[in-house]
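Novice: Numbering (mature numbering (1 follows the signal peptide of the UniProt record, and there is no 0)), first residue to last: -21 to -1, 1 to 227.
Note that these hints are calculated values from the structure, not bench results. Among these hints, one or two may not hold up.
[What the hints assert, rightly or not] Derived DEER-like restraints, expressed as beta-carbon distance ranges:
#, residue 1, residue 2, range
1, A170, S104, 35 to 45 Å
2, S221, Q177, 31 to 41 Å
3, I101, R163, 31 to 41 Å
4, R174, S104, 30 to 40 Å
5, R148, Q173, 28 to 38 Å
6, D181, G102, 33 to 43 Å
7, T199, I101, 15 to 25 Å
8, T22, L180, 35 to 45 Å
9, A200, T10, 20 to 30 Å
10, T10, V80, 36 to 46 Å
11, L50, D183, 33 to 43 Å
12, T10, G219, 22 to 32 Å
Here a beta-carbon is modelled for each residue, glycine too, at the ideal position from N, C-alpha and C.
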Amino acid sequence: MRRRELLGAAGVLTVAGPVLAQTPPPVDGVTTERVAYQSNGKTIRAIAFRPGANANGAGVVYIHGSGGMGLDQLAFARQFAVDGYLALAPTYLDAAEDDVVRREPTMEAWRDCARDGIEWLIGQSVDRRRTGVVGYSLGSYIAVDGALGDSRASAAIAVCGGWDVYIPRHPTRRIPVLILRSERDRVVSPASTQRWRQFLLDADVPVRVQVTRGAGHLMTAAQWSDVYTRSQTFFAEQLGVSSDRQEP
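Could you put the whole structure together from the sequences, leaning on the hints where they help?
Specialist: Okay, structure coming up:
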(Lines of atoms letter the chains of each structure in order from A and count residues from 1; the text may use other names and numbers.)
(Lines give C-alpha, C1' and ligand atoms only; values in the text may rest on other atoms or scores of the structure.)
Protein backbone atom coordinates (compact mmCIF):
# COMPACT_ATOMS: atom_id res chain seq x y z
CA MET A 1 0.00 0.00 0.00
CA ARG A 2 2.69 2.50 0.98
CA ARG A 3 4.83 1.97 -2.14
CA ARG A 4 1.77 2.35 -4.40
CA GLU A 5 0.89 5.49 -2.45
CA LEU A 6 4.36 6.97 -2.98
CA LEU A 7 4.36 6.08 -6.67
CA GLY A 8 1.04 7.88 -7.04
CA ALA A 9 2.38 10.86 -5.13
CA ALA A 10 5.44 11.06 -7.38
CA GLY A 11 3.07 11.50 -10.33
CA VAL A 12 2.22 15.01 -9.15
CA LEU A 13 5.50 16.15 -10.69
CA THR A 14 4.33 15.19 -14.17
CA VAL A 15 0.57 15.79 -14.01
CA ALA A 16 -0.42 19.22 -15.34
CA GLY A 17 -2.36 21.47 -13.00
CA PRO A 18 -3.45 21.00 -9.38
CA VAL A 19 -4.97 17.64 -8.49
CA LEU A 20 -7.19 17.39 -5.43
CA ALA A 21 -7.70 13.63 -5.32
CA GLN A 22 -7.14 12.02 -1.93
CA THR A 23 -6.01 8.47 -1.22
CA PRO A 24 -7.42 6.41 1.66
CA PRO A 25 -5.21 6.42 4.78
CA PRO A 26 -3.12 3.27 5.32
CA VAL A 27 -2.71 1.52 8.67
CA ASP A 28 -0.50 4.29 10.08
CA GLY A 29 -3.29 6.84 9.51
CA VAL A 30 -1.35 9.08 7.11
CA THR A 31 -3.45 10.62 4.35
CA THR A 32 -1.80 11.59 1.06
CA GLU A 33 -3.20 14.51 -0.95
CA ARG A 34 -2.21 16.23 -4.15
CA VAL A 35 -2.60 19.93 -3.42
CA ALA A 36 -1.58 23.27 -4.91
CA TYR A 37 -0.75 26.75 -3.66
CA GLN A 38 0.23 30.08 -5.19
CA SER A 39 3.70 31.64 -5.26
CA ASN A 40 4.27 34.91 -7.13
CA GLY A 41 1.27 34.16 -9.32
CA LYS A 42 2.44 30.64 -10.19
CA THR A 43 0.58 27.48 -9.24
CA ILE A 44 2.85 25.18 -7.24
CA ARG A 45 1.93 21.51 -7.21
CA ALA A 46 2.68 19.61 -4.03
CA ILE A 47 2.08 16.45 -2.06
CA ALA A 48 0.63 16.88 1.42
CA PHE A 49 1.01 14.10 3.96
CA ARG A 50 -1.50 14.55 6.77
CA PRO A 51 -1.03 12.75 10.09
CA GLY A 52 -3.65 10.62 11.75
CA ALA A 53 -4.82 10.73 15.34
CA ASN A 54 -1.28 11.50 16.58
CA ALA A 55 -1.14 14.98 14.97
CA ASN A 56 1.22 17.19 17.00
CA GLY A 57 0.29 20.59 15.57
CA ALA A 58 3.66 21.11 13.84
CA GLY A 59 4.42 21.23 10.12
CA VAL A 60 7.39 20.61 7.81
CA VAL A 61 8.08 21.61 4.21
CA TYR A 62 10.44 19.31 2.28
CA ILE A 63 12.37 20.73 -0.71
CA HIS A 64 13.68 18.15 -3.20
CA GLY A 65 17.03 18.09 -5.00
CA SER A 66 17.73 19.08 -8.60
CA GLY A 67 16.98 15.56 -9.80
CA GLY A 68 13.36 15.76 -8.72
CA MET A 69 11.36 13.84 -6.11
CA GLY A 70 12.41 10.20 -5.90
CA LEU A 71 10.68 7.56 -3.79
CA ASP A 72 13.28 7.78 -1.01
CA GLN A 73 12.70 11.53 -0.75
CA LEU A 74 8.92 11.08 -0.72
CA ALA A 75 9.27 8.41 1.97
CA PHE A 76 11.44 10.83 3.95
CA ALA A 77 8.79 13.56 3.76
CA ARG A 78 5.98 11.11 4.54
CA GLN A 79 7.71 9.86 7.68
CA PHE A 80 7.19 13.26 9.31
CA ALA A 81 3.43 12.67 9.00
CA VAL A 82 3.83 9.23 10.54
CA ASP A 83 5.31 11.06 13.54
CA GLY A 84 2.47 13.59 13.70
CA TYR A 85 3.63 16.50 11.51
CA LEU A 86 1.70 17.96 8.59
CA ALA A 87 4.27 17.50 5.79
CA LEU A 88 4.30 19.31 2.45
CA ALA A 89 6.53 18.37 -0.50
CA PRO A 90 6.24 20.96 -3.31
CA THR A 91 7.94 21.03 -6.70
CA TYR A 92 9.75 24.36 -6.93
CA LEU A 93 10.25 23.87 -10.68
CA ASP A 94 6.67 25.12 -11.02
CA ALA A 95 7.94 28.49 -9.73
CA ALA A 96 10.69 28.79 -12.36
CA GLU A 97 12.20 26.47 -14.96
CA ASP A 98 15.69 25.18 -14.23
CA ASP A 99 17.90 26.73 -16.91
CA VAL A 100 21.04 25.21 -15.28
CA VAL A 101 22.66 28.67 -15.06
CA ARG A 102 20.37 29.40 -12.10
CA ARG A 103 20.58 33.15 -12.10
CA GLU A 104 19.39 35.08 -9.07
CA PRO A 105 15.78 35.61 -10.29
CA THR A 106 15.39 31.83 -10.64
CA MET A 107 16.85 31.19 -7.19
CA GLU A 108 14.61 33.88 -5.72
CA ALA A 109 11.53 32.27 -7.25
CA TRP A 110 12.55 28.91 -5.76
CA ARG A 111 13.18 30.40 -2.33
CA ASP A 112 9.79 32.11 -2.51
CA CYS A 113 8.23 28.76 -3.36
CA ALA A 114 9.63 27.30 -0.12
CA ARG A 115 8.53 30.39 1.82
CA ASP A 116 5.01 30.11 0.46
CA GLY A 117 4.98 26.43 1.35
CA ILE A 118 5.43 27.53 4.97
CA GLU A 119 2.54 29.95 4.46
CA TRP A 120 0.43 27.04 3.20
CA LEU A 121 1.15 25.18 6.46
CA ILE A 122 0.18 28.26 8.46
CA GLY A 123 -3.02 28.48 6.42
CA GLN A 124 -3.74 24.91 7.53
CA SER A 125 -3.75 26.13 11.17
CA VAL A 126 -0.13 25.22 11.94
CA ASP A 127 1.38 27.73 14.39
CA ARG A 128 4.20 29.57 12.59
CA ARG A 129 6.42 28.91 15.63
CA ARG A 130 6.07 25.19 14.92
CA THR A 131 7.03 25.19 11.24
CA GLY A 132 10.26 23.84 9.82
CA VAL A 133 11.79 23.45 6.37
CA VAL A 134 14.28 20.83 5.19
CA GLY A 135 15.93 20.48 1.79
CA TYR A 136 18.28 18.09 0.01
CA SER A 137 21.23 19.08 -2.22
CA LEU A 138 20.06 22.09 -4.29
CA GLY A 139 16.95 22.04 -2.12
CA SER A 140 19.15 22.49 0.95
CA TYR A 141 20.13 25.94 -0.24
CA ILE A 142 16.57 26.83 -1.22
CA ALA A 143 15.30 25.71 2.19
CA VAL A 144 17.93 27.25 4.47
CA ASP A 145 18.81 30.41 2.57
CA GLY A 146 15.10 31.10 2.12
CA ALA A 147 14.33 30.41 5.77
CA LEU A 148 17.00 32.93 6.76
CA GLY A 149 15.35 35.51 4.51
CA ASP A 150 11.68 36.50 4.54
CA SER A 151 10.20 33.10 5.43
CA ARG A 152 8.34 32.53 8.70
CA ALA A 153 9.87 29.08 9.27
CA SER A 154 11.17 28.56 12.82
CA ALA A 155 13.94 26.05 12.03
CA ALA A 156 15.74 24.78 8.92
CA ILE A 157 17.74 21.73 7.88
CA ALA A 158 20.17 21.29 4.98
CA VAL A 159 20.89 17.75 3.76
CA CYS A 160 24.04 17.46 1.60
CA GLY A 161 24.40 21.23 1.43
CA GLY A 162 27.30 23.66 1.28
CA TRP A 163 28.88 26.59 -0.52
CA ASP A 164 29.28 24.38 -3.62
CA VAL A 165 25.50 24.42 -4.12
CA TYR A 166 25.08 28.20 -4.37
CA ILE A 167 26.56 31.30 -2.71
CA PRO A 168 24.34 32.20 0.28
CA ARG A 169 22.95 35.63 0.99
CA HIS A 170 23.60 37.44 4.25
CA PRO A 171 20.92 36.20 6.68
CA THR A 172 18.24 38.60 7.88
CA ARG A 173 16.85 36.12 10.41
CA ARG A 174 18.58 34.05 13.09
CA ILE A 175 16.73 30.73 13.39
CA PRO A 176 18.32 27.38 14.31
CA VAL A 177 19.94 25.50 11.41
CA LEU A 178 21.15 21.91 11.15
CA ILE A 179 23.45 20.84 8.29
CA LEU A 180 23.63 17.09 7.65
CA ARG A 181 26.75 16.27 5.64
CA SER A 182 27.31 12.91 3.96
CA GLU A 183 30.70 11.46 4.91
CA ARG A 184 31.57 10.35 1.35
CA ASP A 185 29.89 13.17 -0.56
CA ARG A 186 31.80 13.86 -3.80
CA VAL A 187 29.37 16.53 -5.03
CA VAL A 188 29.38 18.87 -2.02
CA SER A 189 32.81 18.85 -0.38
CA PRO A 190 33.40 18.89 3.40
CA ALA A 191 35.27 22.19 2.97
CA SER A 192 32.22 23.64 1.24
CA THR A 193 29.96 22.59 4.11
CA GLN A 194 32.40 23.99 6.65
CA ARG A 195 32.57 27.29 4.77
CA TRP A 196 28.78 27.58 4.87
CA ARG A 197 28.75 26.75 8.59
CA GLN A 198 31.37 29.41 9.33
CA PHE A 199 29.51 31.96 7.20
CA LEU A 200 26.36 31.35 9.25
CA LEU A 201 28.23 31.44 12.56
CA ASP A 202 29.82 34.76 11.59
CA ALA A 203 26.27 36.05 10.97
CA ASP A 204 25.19 34.88 14.45
CA VAL A 205 22.99 32.08 13.12
CA PRO A 206 22.86 29.12 15.54
CA VAL A 207 24.07 26.25 13.35
CA ARG A 208 25.34 22.73 13.94
CA VAL A 209 26.78 20.13 11.56
CA GLN A 210 26.31 16.36 11.81
CA VAL A 211 27.71 13.62 9.56
CA THR A 212 25.88 10.69 7.99
CA ARG A 213 28.55 7.99 8.17
CA GLY A 214 29.29 6.03 5.00
CA ALA A 215 26.84 8.04 2.88
CA GLY A 216 27.57 9.64 -0.46
CA HIS A 217 25.59 12.39 -2.14
CA LEU A 218 23.11 9.76 -3.33
CA MET A 219 21.94 7.87 -0.27
CA THR A 220 20.46 4.46 0.38
CA ALA A 221 17.09 4.00 2.06
CA ALA A 222 18.89 3.13 5.31
CA GLN A 223 20.94 6.33 5.11
CA TRP A 224 17.82 8.38 4.43
CA SER A 225 16.37 6.76 7.56
CA ASP A 226 19.41 7.96 9.54
CA VAL A 227 18.95 11.46 8.11
CA TYR A 228 15.28 11.34 9.08
CA THR A 229 16.03 10.38 12.68
CA ARG A 230 18.47 13.28 13.02
CA SER A 231 16.05 15.68 11.34
CA GLN A 232 13.07 14.68 13.44
CA THR A 233 15.12 14.94 16.63
CA PHE A 234 16.22 18.46 15.66
CA PHE A 235 12.71 19.61 14.75
CA ALA A 236 11.24 18.05 17.90
CA GLU A 237 13.72 20.08 19.94
CA GLN A 238 13.33 23.35 18.03
CA LEU A 239 9.58 23.25 17.41
CA GLY A 240 8.54 22.03 20.85
CA VAL A 241 7.36 18.60 19.75
CA SER A 242 7.59 15.75 22.23
CA SER A 243 9.78 12.90 20.97
CA ASP A 244 11.25 9.73 22.44
CA ARG A 245 13.79 9.39 19.64
CA GLN A 246 17.47 9.30 20.56
CA GLU A 247 19.91 11.20 18.38
CA PRO A 248 22.49 8.84 16.88
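Novice: Please go over all the hints and tell whether each is borne out by the structure.
Specialist: To see whether the hints hold, each was checked on the structure:
no.	hint	in the structure
1	A170 with S104: 35 to 45 Å	holds (43 Å)
2	S221 with Q177: 31 to 41 Å	holds (33 Å)
3	I101 with R163: 31 to 41 Å	holds (38 Å)
4	R174 with S104: 30 to 40 Å	holds (39 Å)
5	R148 with Q173: 28 to 38 Å	violated (19 Å)
6	D181 with G102: 33 to 43 Å	holds (35 Å)
7	T199 with I101: 15 to 25 Å	violated (34 Å)
8	T22 with L180: 35 to 45 Å	holds (38 Å)
9	A200 with T10: 20 to 30 Å	holds (23 Å)
10	T10 with V80: 36 to 46 Å	holds (39 Å)
11	L50 with D183: 33 to 43 Å	holds (38 Å)
12	T10 with G219: 22 to 32 Å	holds (24 Å)
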